[in-house]
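There are 2 protein chains.
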Amino acid sequence: MHRTLSVASSPVRDLLALTSRPEVISFAGGLPAPELFDLDGVRAAYDLALRDRSVLQYAPTEGNPDLRALVSARLTDSGLPTSDVLITTGSQQALTLVATALLGPDAVVAVEEPTYLAALQCFQMTGARIVPVASDSDGLVPASLRSVVAAEKPDLLYLVPTFANPTGRTLSAPCRAEIAEIAAANSLWVVEDDPYGELRYRGSAVPPLASISDRTIYLGSFSKVGAPGMRLGWLRAPADLLRTLVIVKQAADLHTSTVDQAAAAAYLTHNDLDAHVARLRTEYGARRDAMIAALPATVPPGTTWSDPDGGMFVWLRLPGDADSAVLLKEALLHDVAFVPGASFFATTPDHATFRMSFTTNTVEEIGEGMARLAKVLR
Amino acid sequence: MHRTLSVASSPVRDLLALTSRPEVISFAGGLPAPELFDLDGVRAAYDLALRDRSVLQYAPTEGNPDLRALVSARLTDSGLPTSDVLITTGSQQALTLVATALLGPDAVVAVEEPTYLAALQCFQMTGARIVPVASDSDGLVPASLRSVVAAEKPDLLYLVPTFANPTGRTLSAPCRAEIAEIAAANSLWVVEDDPYGELRYRGSAVPPLASISDRTIYLGSFSKVGAPGMRLGWLRAPADLLRTLVIVKQAADLHTSTVDQAAAAAYLTHNDLDAHVARLRTEYGARRDAMIAALPATVPPGTTWSDPDGGMFVWLRLPGDADSAVLLKEALLHDVAFVPGASFFATTPDHATFRMSFTTNTVEEIGEGMARLAKVLR
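The listed protein sequences correspond, in order, to chains U and H. Per full-length UniProt numbering, residue 1 is the first one in the first sequence, and the count goes up by one each step. Per full-length UniProt numbering, residue 1 is the first one in the second sequence, and the count goes up by one each step.
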């Protein structure tokens, strides 16, 4: 059948182009703060990796054995016992691999709503039908999942249970247990996307869904704790499924960059990533606090927002019939940006919502950006 | 619909595992010679790229602008006028992007037979039906393509017109013109996979199909002239299709490693890739000659083989009802390996065929490997 795929480009990535003027203070992209990258440590790791000629050669699809062992040990130490992972070209690739392996032509995918829009794109591209599961201030609502499973029989549930994108919300341990039970009872695959879990600024860790459910495919990434430019993620799944995913990855790109993988293994061996993450937590926590503190004077009365314990995002809803996409145009005239919320919805968008990232800008820039935003919103 | 994808792993990649014992002289994998990698030049390029903090950040899906300009200029200089390319995570990814963008649920893909098996895998994974087009010692036979197009109405033709994998054959300019004419008359997309084109050891270049057909998607790669570990390829296509492929890539992995791309741009800026390729040509040409010269004393009378002008592979056919998969087991007992030909066929395999790569081993190793192989084959 002749076709040319029709899928829209990501509004966030298109927006990033608009906000790249240096005078814009952008709260739009989910970008790590570049000044906090450990550039010297990373450069030294590449230099070390590139002492070995074999890093320029083809490599196993599964990934660099040292890196797999290091990542598995790190996950195990954090409370998720892990014997092996598949290294992916960022965790975005992991999503596509899972969709290719598990979603047939008439597949149904349940997603918390709102959700990460590049996941929506990825599932839409396979032709899957997307069904939304309600979320509240504690994240996905298990009772809603139960009705969706009964009515729609989805093949897969996708969620970001910890510091969600776009809401910043975290699913409680009892809700996780209930989701694990629903997954087991209905042979439902659960994709637990966890790029932000280590970026906790207060409270204590909630065990990952994968630690209580063997129906869970757990996705991790260096992008938020290391450097997104290296495009390194990993995927933990039951052994049978992992083998299938390796074959799917073989067709997707043979393997992830041998150089980047070896550099990451060298970095993890010779540097203290935990100390680096601790530094990120301190800095990002201060930025989170600065943004939340500025909100009452920035947004109109009646606006609500999430109060995230970690991650990168605050999710807001303006009162009445506000349209955040219209307001964004005005905001750009004032050299400040955010992401309108509509594109994070699988079905009926709430146009009064929007997402703000607090990690990319310094506390000072956040202050200035919020002052600009107040002129638009109030 | 519940499913778990069932696609076989690549026999070549599985075989590479068997042949990784250091005592084995392997003619199996299509691996560049590691001792010819410009390790120092590449390490210096990474070090230079990593002076700039922005190489650790997210980046545009299209690819690093400098690298796109450098690759486009290089293609233009080589006789293929190119205004832009999409940078891909190796050209294997380009195949998957093209399949996702162009192949609907009942798609039909025509391939020269035999052909590159990871391309077969990739098209099979989309659920496409594969139809073979006959090839002879000059590559794909246009008359066969004409009948296949009339009977099967394929959406896409995949071929490696220059120094093909697995045969080493090169399609003549008149045959290319005929294929371009068939593609234009039938709205057929043509994927011209050209990883080996620069590795010519004799004769003169044949213009790429893409230079005479605007129905052509041209795939190039650093893997054979630079380093496969960097996983860098590029894709040249008509502007409309290129835009669609960018969106598909966004879902596939957001973008290719910012670090690897910046290092490649630095390498191309500060090194003479043409001089490096010239060195590869000299070395690989000598290896080709050594393998071809040894063949008469290695294979049984009645064996036929291709006589490639470039690339990495010789394709052989044993006389009678020989089964090269059975002979491989015996060969491994003598610490030498090749790839049985069956898996390069989309439909009916010819079990008497096999592929030998002449690039990975030195002339001395080729001599020793061929002597071991003679014990098995003669």
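Some clues are possibly wrong.
Just a few of them, taken from the derived set where beta-carbon distance is under 10 Å, the chain H residues facing chain U [as the list claims (entries may be wrong)]:
| # | residue |
| --- | --- |
| 1 | Q121 |
| 2 | T258 |
| 3 | P301 |
Covered stretches of chain U, going by a simulated chain H footprint (3 or more residues, C-beta under 8 Å) [said to hold, decoys possible]:
| # | stretch |
| --- | --- |
| 4 | 114-127 |
| 5 | 133-144 |
| 6 | 244-251 |
| 7 | 257-270 |
Okay, the calculated beta carbon distance ranges per label pair [stated by the list, open to error]:
| # | chain 1 | residue 1 | chain 2 | residue 2 | range |
| --- | --- | --- | --- | --- | --- |
| 8 | U | E330 | H | A33 | 56 to 64 Å |
| 9 | U | A173 | H | R243 | 39 to 47 Å |
| 10 | H | L48 | U | E330 | 48 to 56 Å |
| 11 | H | E368 | U | S20 | 37 to 45 Å |
| 12 | H | A150 | U | A73 | 56 to 64 Å |
| 13 | H | A325 | U | P349 | 35 to 43 Å |
| 14 | U | E368 | H | D240 | 39 to 47 Å |
| 15 | U | S20 | H | R243 | 13 to 21 Å |
The set of hints was computed from the structure by calculation and includes no laboratory data. Even glycine gets a Cβ: it sits at the ideal position worked out from N, Cα and C.
- prompt: Taking each numbered hint in turn, which are not upheld by the structure, reported in ascending numerical order?
  reply: Violated hints (numbers, rising): 3, 5, 10, 11, 13; every other hint is consistent with the structure.
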